[in-house]
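*Asks:* Since the structure of chain H is already known, use the hints to place chain C on it.
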Amino acid sequence: NAGVTQTPKFRILKIGQSMTLQCTQDMNHNYMYWYRQDPGMGLKLIYYSVGAGITDKGEVPNGYNVSRSTTEDFPLRLELAAPSQTSVYFCASSYAENTEAFFGQGTRLTVV
Amino acid sequence: GDSVTQMEGPVTLSEEAFLTINCTYTATGYPSLFWYVQYPGEGLQLLLKATKADDKGSNKGFEATYRKETTSFHLEKGSVQVSDSAVYFCALSGSGGGADGLTFGKGTHLIIQP
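Which chain is which? The protein sequence lines are H and C, in order.
Here the first sequence is numbered in this note's numbering, starting from 1406 and rising by one per residue.
Here the second sequence is numbered in this note's numbering, starting from 17 and rising by one per residue.
Isolated chain H (complex conformation) (with noise of 0.2 Å):
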């Protein structure tokens, strides 16, 4: 059972380059997440989905996209990369409202 799959591991960009981080999960979870993760601060929510066509903004959109064409899939665009974009970012899903996250093992972003 994979849960929640996050690829890549790791990126480093050039600031203005765009890239997709992928996640994928197995679980027929409803409700997606996507965070970033910055040392000493915990995790920040970017967007949600709440099913497939449906995504909503979180804490700090600015600079991120996401689209929800299928319930498995659940990708963050940044489309002009800056050094401010330099995190861990996790991807998460849930069966309901109110119920704990499953985790990917992150992805790792240094934009230079």
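FYI, nobody ran anything at the bench for these hints, they're computed from the structure.
Certain hints may be false.
Computed list of lysine to aspartate or glutamate pairs in DMTMM-like fashion (alpha-carbon distance at most 25 Å, straight line) [what the hints assert, rightly or not]: (1) 1414(H) with 1484(H); (2) 93(C) with 1484(H); (3) 84(C) with 1505(H); (4) 84(C) with 1502(H); (5) 65(C) with 1431(H); (6) 1449(H) with 18(C); (7) 93(C) with 31(C); (8) 1449(H) with 70(C).
To list a few chain H residues with every Cβ distance to chain C over 10 Å, as calculated [to be verified]: (9) 1418; (10) 1419; (11) 1425; (12) 1429; (13) 1432; (14) 1433; (15) 1445; (16) 1458; (17) 1467; (18) 1469; (19) 1474; (20) 1510; (21) 1514.
Covered, in the sense of this in silico footprint (three residues per stretch, anywhere, with C-beta under 8 Å from a C-beta of chain H), are these stretches of chain C [stated by the list, open to error]: (22) 36-50; (23) 60-66; (24) 71-84; (25) 104-110.
Quick caveat: nothing in here was measured; it's all calculated off a predicted structure.
All C-beta atoms, glycine included, are put in the ideal place defined by N, C-alpha and C.
*Replies:* Then chain C, alone, in the frame of chain H:
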């Protein structure tokens, strides 16, 4: 809005010591409360949870009790091991309904020395 405050780290203990990591929260409504653990280079794993007042969550020797009167969810373990070294996050669910994920504390880095 909702918020979670947990004790600053790092917390350094000797093996077999008693552990307490404090967590308090601010929320409207009736949130569920969670403790997650993150080992180096890995994602977050659910350690335990409690969904209503006075519930006690427990797992792997760790315990936490949902105290509504003090808005707290302190993590405890009677005898820690070197393998417990990790970062621990306290979190709560959206207390006012909605599906906008969990609110996390900043994390407490726990270091257990042999």
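*Asks:* All the hints need checking, so say for each whether the structure fits it.
*Replies:* Status of the hints after comparison with the structure:
1. 1414(H) with 1484(H): Given pair residue 1414(H), residue 1484(H) holds - Cα atoms ~19 Å apart, limit 25 Å.
2. 93(C) with 1484(H): 45 Å, violated
3. 84(C) with 1505(H): With a Cα-Cα distance of about 19 Å, the restraint between residue 84(C) and residue 1505(H) holds, given a limit of 25 Å.
4. 84(C) with 1502(H): Holds, at about 20 Å.
5. 65(C) with 1431(H): 23 Å, holds
6. 1449(H) with 18(C): 13 Å, holds
7. 93(C) with 31(C): With a Cα-Cα distance of about 12 Å, the restraint between residue 93(C) and residue 31(C) holds, given a limit of 25 Å.
8. 1449(H) with 70(C): 28 Å, violated
9. 1418: 20 Å, holds
10. 1419: Given a closest Cβ separation of 25 Å, the condition holds.
11. 1425: At about 19 Å from chain C, residue 1425(H) clears the 10 Å cut-off, so the statement holds.
12. 1429: Label holds. Min Cβ-Cβ 14 Å, cutoff 10 Å.
13. 1432: 13 Å, holds
14. 1433: It holds; residue 1433(H) is separated from chain C by about 16 Å at its closest Cβ, greater than 10 Å.
15. 1445: 6 Å, violated
16. 1458: 14 Å, holds
17. 1467: 17 Å, holds
18. 1469: For residue 1469(H), whose nearest Cβ neighbour in chain C is about 15 Å away, the distance exceeds 10 Å, so it holds.
19. 1474: Since the minimum Cβ distance to chain C is about 19 Å, residue 1474(H) lies beyond 10 Å and the statement holds.
20. 1510: 5 Å, violated
21. 1514: 15 Å, holds
22. 36-50: holds (count 3)
23. 60-66: Result for this restraint: holds, n = 4.
24. 71-84: violated (count 0)
25. 104-110: Coverage by chain H holds here, the residue count being 3 at a Cβ distance below 8 Å.
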